[in-house]
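Got chain A; can you put chain B on it based on the hints?
These are the residues of each chain, in order.
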Amino acid sequence: MGKRSKDKRDLYYRKAKEQGYRARSAFKLLQLNEQYHFLDDPNLKRVVDLCAAPGSWSQVLSRKLFVDNKSEDDSGKKIIAVDLQPMSPIDNVTCLQADITHPKTFNKILELFGNEKAQFVCSDGAPDVTGLHDLDEYVQQQLIMSALQLTTCILEKGGVFIAKIFRGRDIDLLYSQLGFLFKKIICAKPRSSRGTSLEAFIVCLDYCPPKDWVPKLDLNKSVTEFFEGCNIKEIHNNSIITKWYEEDRDIVDFMTCGSLDAYDSDATYHIDVKDELSNDLLNVSLNPVQMPTNPPYKRALELKRKGKLTRSI
Amino acid sequence: MQELNHVGPSLCVKFHKEFVYAAYGPYLQQYNYKTSELLNQCLIFKENKVHGFDISADGKNVIAYGARSVSILSLESINTSKSLVDREQLVEEWVITGTFSKLGDKVFLLTCYNRVIICDLKCNVIGIKSVPEEKSILYSGSIEVLSEDRVYVNAGTVIGGVIVWDLFCESILHTLQGHEGSIFYVTSSDDGKYIASCSDDRSIILWDMETGEQLSTGWGHTARIWNLKFYDNNTQLISVSEDCTCRTWAIETLNSDEINLVQKNIYEVHQIKNVWGLDVCNSEMIAVTAGNDGRIKLVDLLQATRYGNENELFSLGDISSSANVEFSKDELIKGFEWFSFGAVVHTSSGQLVTYNRQSFSWSPIALSENMESYSISGGIQSKNTVVFSNNKNDIILIRFNSKGQLIKLAKHTLEYLAKVTNTMIKDIDDDTFLITLESPNPKDPFVCLIIQNDTYDVNAEHRFSKPSNFVSASLELYGNYLLVGARYSSLGIFDLDDNHRTPVVIRKISAGDTTTSVKFIEKQLNIPIFSITNRDGFYDFISINFDIITNDNKNFYDIIHQNKVAKGFLEGAYFNDKNEYIVYGFKSTLFYIFNETNSYELASQVCGGSHRQWKLCDDGLNKILLYNKGSNIYFRRISQNFTPEVLRNGLHGREIRDISILKEKTYKNGYLFCTASEDTTVRLSHFNNLNGTITNYWLERQHVSGLQRCKFINDEFMVTCSAREELFLWHINNESLDRAYIAVRQSLPTSTENPDLRIMDFDVKFLESKKDFILTSVYSDSVIKVWYYNFASNSFILLMEGKYQTCCIFNVSLEILNNKLLLIITPTDGHVIVYNITNCIPFEVVPGNDYLRDNKLEIVLSLLPNHDVKFPVHQSSIKTICTFVDKTDNSVTLYTGGDDNGLAIVKLNVENSTDKIVGKVVCFEKKAAASTITSVNLFNNNTKLLTASVDQIVRIWDVCGDKLVQEQRKYTTTADTGVADIVRLDNGSDIALIGGVGLSIWKL
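Chains as they are written, first to last, in UniProt numbering: chain A, 1 to 313; chain B, 1 to 1004.
Pulled out of the complex, with its shape left as it was, chain A reads as follows:
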C-alpha cells in the first residue's frame, strides 16, 4: 500500500520518461550541476561514471558534453561508464563492464583517455540494502572508498568527485576522511532526492592529494593500506586491531540543489499540473515504476506466482 501511494507523486519519474532518461536519478545530477556547474565547463573533456548502470548519469554526461557544450572539436572528449552489470549503449559513452576495485580497470580507463587523467568522476552506486542500518551505511561507504581508490589513480589535480551517500550515524567519519584529499567537501541534496530518504551526495571539489603520496591499486591491499601515507585513516596506530578510540568526525556544509520552483519529490502532484518545460498537461497514465529487469529472486517470484510457495504445512 505504502509503495503504491508513492508512485503517483513521482513527478521526476514521469519527467525522466518524457525526456528519455533511464532513471529519475538523472535529475539529481542535473540539479547538482545547477548548483556547482561542474559539467558546464567547456574545457571538460574526460569524465568517468562509476557504478553507472542503468546509465542515466551517463546520459546526462553525454548530453552535457556533446550537446550543451558542443564545440568545433569534440574529438578529445570522452565519457567512460563502468559497471559490473552490462549496460545498453549510450551515444558518446564508452561502456566498460568491469570491477572498479580491479587494477586492470584503472589501466583500461587511462588507456582509453590516452594516458591523460580524468577531470570529473561520479558514482551513483548503492549496494543491496539489508535493513541493518549500520551495515548498509558501512557497505555504502566501502563502495565510496573503492570508487575513491580508483578515483585517486585517475583524477587530475583540481578534479571533481561526487558520490551518493546515506546520511547515517557515520557520515561525519566519511566527511573527515575525504577532507584529506579534497580542498572542499559539501553534502548536497538535490530537490529530486526525497526529503524522506537518507540519500544525499558528497561533492568533493579541487582534488589535492598529499604531495609525496602515490596511489597504487593492488588487489591484495586493504583500503587502509591503500591510503597509507595520505593521513586518511587510522593515523593513530599501525595495528589491524587496536583499543577503541574516538574517530575523527567532521560535519560539512549542507547545500540544497535545484531551485525552489523545481518539483518537490515529497509532494503529491495532481494530474492537471502543467509541465513548465513543454507546457503540456501531464499525461494521466503513468507506467508503474520500473521493476528490476532480472532480479536474483526471479525464480522465487515465478514459483510464488504458480502458487508453489503457499503455506501447506
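Hints are computed from structural coordinates only; laboratory data are not their basis. A hint or two may mislead.
[What the hints assert, rightly or not] Within a straight-line C-alpha distance of at most 30 Å, the following computed DSS-like cross-link-like pairs (lysine-lysine) qualify:
(1) A:K243 <-> B:K60
(2) A:K306 <-> B:K623
(3) A:K308 <-> B:K629
(4) A:K304 <-> B:K623
(5) B:K554 <-> B:K587
(6) A:K304 <-> B:K564
(7) B:K264 <-> B:K663
Because the structure is a prediction, the values reported are computed rather than measured.
Showing chain B alone in chain A's frame:
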C-alpha cells in the same frame, strides 16, 4: 542521560546450558530460557551493536563482535557485569564473524574483505590470512574449526558465490556457484559434510563440503533468508527470513546418492519483517530466533510431536474394527464432542461411538432412538452432556459417565416451531444449563430452555419475539441476560426475567460477517464489558449498561475497543493467565491460535478450513482441536508450550514514526503511550517509569498505509494520520487496570474515493467545552484544511480549505497569540509560513485563554487567507517543529529542525503599532547535527530542548535567552532516529521515549 530500557533489533542469539544469550543493541543479555527471566544485561560496546558472538567450547570465554568492534571477555564477567565497554577493541575492517580455535586459546576474525585475523585472547594479532586476489566485499561468512589445524572459511560474496578456503594453506577449495545475487548466510555442518548457503534469490542450497557439488535447493521462503543452522546431528536445517518465518528442512537421503532438502515446518515468529538471529538447543529441540522487532522468540521444534499424542487420526474403518460396528460405504462423520474420558462421535447414519483416551479404543453406544436425522448441537464438558437436535423440533440430551458409557437419555419436542435450524448450548451453574432454539420462520419465537441437569427436565421455557434479520451464531449469559451473537455483526440481548420484553439488537458492530463469539471480560464501575469476535477478523470490546437498555437509543452500549486481526477468519477469543488476548480462527485451510496482545502465532494446524466440521475444546490445561476430513477424524492436542513463548516482547517490525505519551494521567506506576509505525500499525503500550519496562496492550491495524503522526490531544482522545488520507480520532478508555482500551471514534472525510494523498501532520485547538475542537490537517499536495469536530454528533465539518503552493507540508501548528489564531506551516521549501485565520473560523478567540468559544455562529466554508508572513529558515525541508507561547511578551517561539542539519529558533510577534504578525529567525545553528534533525522537544519548563537526528545522537540544548547552547549529547543505538516524546514525573525528573528502528526509554 541514562537509558532505562531499550527495545530494538536483536541480531544474534545462542543457547548455552540453561541460558539463552542475546545480542541486543550494544548489549549482551543472559536469559533463563525456562522462565524467560532476564538475568543480566551487560554493555559490550560504546556505540556499535553486537552483531554476533561465539562462546568457547569450554564455556569460559566469549568473543563478541559488531561492525568494527570486537571484544574478548570471560563469560563469567558477562554474567555479572553491567558494562565491559573498556574492553572494546576496533578492527580496521567490518567483522563478519568471529570464532574460537579448537583449543580456545585463539580467535579467528573474518573481515568483510575476506581476510582472517588470528589473535590471542588479549586481541594481540598473531597472523593475518587471506587468499590472493579475493578481497571482494562479503555480506556473510563462517569459519569452521574442525581441528586445531583444519580450519575452513566460507566467504559469502556479493557476486561471486561462496568461496571456501583453507585458512592455514590460504588456498581456495571451492567456489560454490549456483545462487543468484549476494550470499546472505553460509554455514557448515559440524561434521564437515555439508555447507548450506542462502542468497538474494530466496533459496537455500545444500552443498557437499568435500566435492563442492550442489546437492539440493530448498524453495519456500518468500523473501530474503538471513540465517541458517544445521541441527539434530546434521539431519535437519533451520532457516529464518525477511518473510517473518522460521522454517525447518529435513536433509533426506532418497537413494544412496540423492539428497533432498524437504521443507518440514513453518513458524511465524516475528512481525512484518526481518528475523536475524537463530540457534537450536539440540537436547531440548527448541529454537530461538531474534528479529528486527526486538522480540526474542522460542520455537518448539517438536510442537506437534513432543509428547507423541499430539496427533491422532482415525478412519471410519479404524473405528469400525475397534468398536466392532458396521458402517455403510458412504458413511461420514457428522459431529463430535470432547470430554474428559475422550470423544463422542456421531455419524451420518445416526450411529454414536465413543473414544476412550486411556485405552485408545472405540465403543458403540446402543440407542433406543434413531439418530440419523439429528446433529450434535453442542456439549457441556462439566456435565458430560451432549445435545442433539433435528429439524423436526426434537432435542435429545445424552449423558455419559466418566468411562464414556451412556447413562441418561432424554427427548423434548417443541411442536410450535416450524422447524429448528439452529440450536446452541450454554452452561449456567452446577444444576442447570440452557438451550436456545431458532426457527427460520420470522414469526416463530426465539426459544430458550432452561434444563435441570440431573433430570434433563425443562425447568423454564422462554419464548421471545424474534428480532428481524436475526440468525443466531454464538451465546453468552450475563446474569439474567442472554447475549446472542448473530449474523451481520449483530448482538441480540434477551431478558430471561421478562419474556415479553422486546429483545434489543445492536447491529453492525463492525463492518462484517457473523458474530462468532461473545464473552464477558470485566466490569468497569459496575458496567460489564464483553469481547466480541467477528468471522471477518474484527474484534470489539463493548460495554453494555443493562440498566438503561432500550431499542430506541444507542447510549446503553459503547464500543470501547475495535481492531482487526492481521489476516484470516476469527472464530473466538479469550484472555490467558498473563492477561494476553488470544484469538483463534482460520487462514484458508490453516487453523491458528494467535497471541494478539504481543502478536505472534501460538499454534497452527492445516485442517481443511472453517467450512469443515471442527471444534476447539479444553483438555485440562491444554486445548484439543477436533476436525474431520471425509471419513477421517483427527484429534490435534495443542499443549501449553514446553518453554516460555518469548524471552522478550518486541514493538514494531519497522521504523517507529511517532510516539505520544498520555501525559495527563499516570497509569500503573507509569504512563500509557502510543507508537505509530511505518509498518502501518499503531501500538498502545505502557511503560513503568522506574525501570522502563514496557507492557503491550494492543496492536491496532486500522491504518492501511505507513503512519506519519500520532498524538494524544487530551486525556481521552488521540489522533493518528498516514498516507491514503487516513486520519483517525481515537477514544481511550483507561478505567481498568488490566488494560486500556482504544477505539476509532471517527475518521476524517477524504477528498476522493480512492485517496492517494498523505496527511503529513495535524494540530488541534479545543473549544471551551473541551470536547469539541478545530483540527487542521496538512497534505502532501500542499493543501491545508481546517475542520470542526462536534463531539455530540461525532462529525467533522470542513471550515476552511486552501493551498500553500505545490510542495509538501511537513508540519502544522495552531497557536493563539494576542487574540489571534495563527496557523503555522513548515513545508519542504524550508520556510515558515503564518496565516492569521482568526476571522475565517466561526469561533471566537477568548482573550487570555488557550481555547476558542462557540458563539453559535453559522458554519460556512471559507478559503485559506493569504499568509501574513513567510520567511526562509532552512535550506530544505523543515522536518520537525515545536512551539512555545510566551504570554508575558506576546510571542510564539518556534524551534525547527531541518534536513539541512540545522536547528533554528524562530520568533513570531504581533507588532503593536500595526497589529501585524512579524517573524524572524533569532538563532540558527548550522551544524546542529551531522544529519537530518528529526525531532525537537521542549522540556524543563521550556528551558531545554531535546533534539534527535539521523546521526543517532540525542542532544540537549539550553534555549534560555533564545540562544542554542549544546549541553549534553549521547549516542542512541536506535537507528533511523526519528521521534521523541518527553514526560515530566512528579519528582521533577524527565523521561524521554526515543523512537526509530526500536525504542529507547531514557531518564534525562
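Compare the distance between the alpha carbons of K243 of chain A and K60 of chain B with 30 Å, and conclude whether the hinted pair is satisfied.
-> holds, 22 Å
Taken at face value, is the distance from the CA of K629 of chain B to the CA of K308 of chain A at most 30 Å?
-> holds, 23 Å
If you draw a straight line from the CA of K306 of chain A to the CA of K623 of chain B, is it 30 Å or shorter?
-> violated, 35 Å
Take the C-alpha atoms of K304 of chain A and K623 of chain B, compute the straight-line distance between them, and say whether it is at most 30 Å.
-> With Cα atoms ~34 Å apart, K304 of chain A and K623 of chain B exceed 30 Å; violated.
Assess, step by step, whether the Cα of K264 of chain B is no farther than 30 Å from the Cα of K663 of chain B, and give holds or violated.
-> Cα-Cα ~49 Å, so violated.
Are K554 of chain B and K587 of chain B close enough, with their CA atoms no more than 30 Å apart?
-> It is violated: about 34 Å lies between the C-alpha atoms, which goes past 30 Å.
Holds or violated: are the alpha carbons of K304 of chain A and K564 of chain B at most 30 Å from each other?
-> Measuring from Cα to Cα gives roughly 26 Å; hence the hint holds.
Checked against the numbered hints given earlier, this structure breaks hints 2, 4, 5 and 7; the rest are met.
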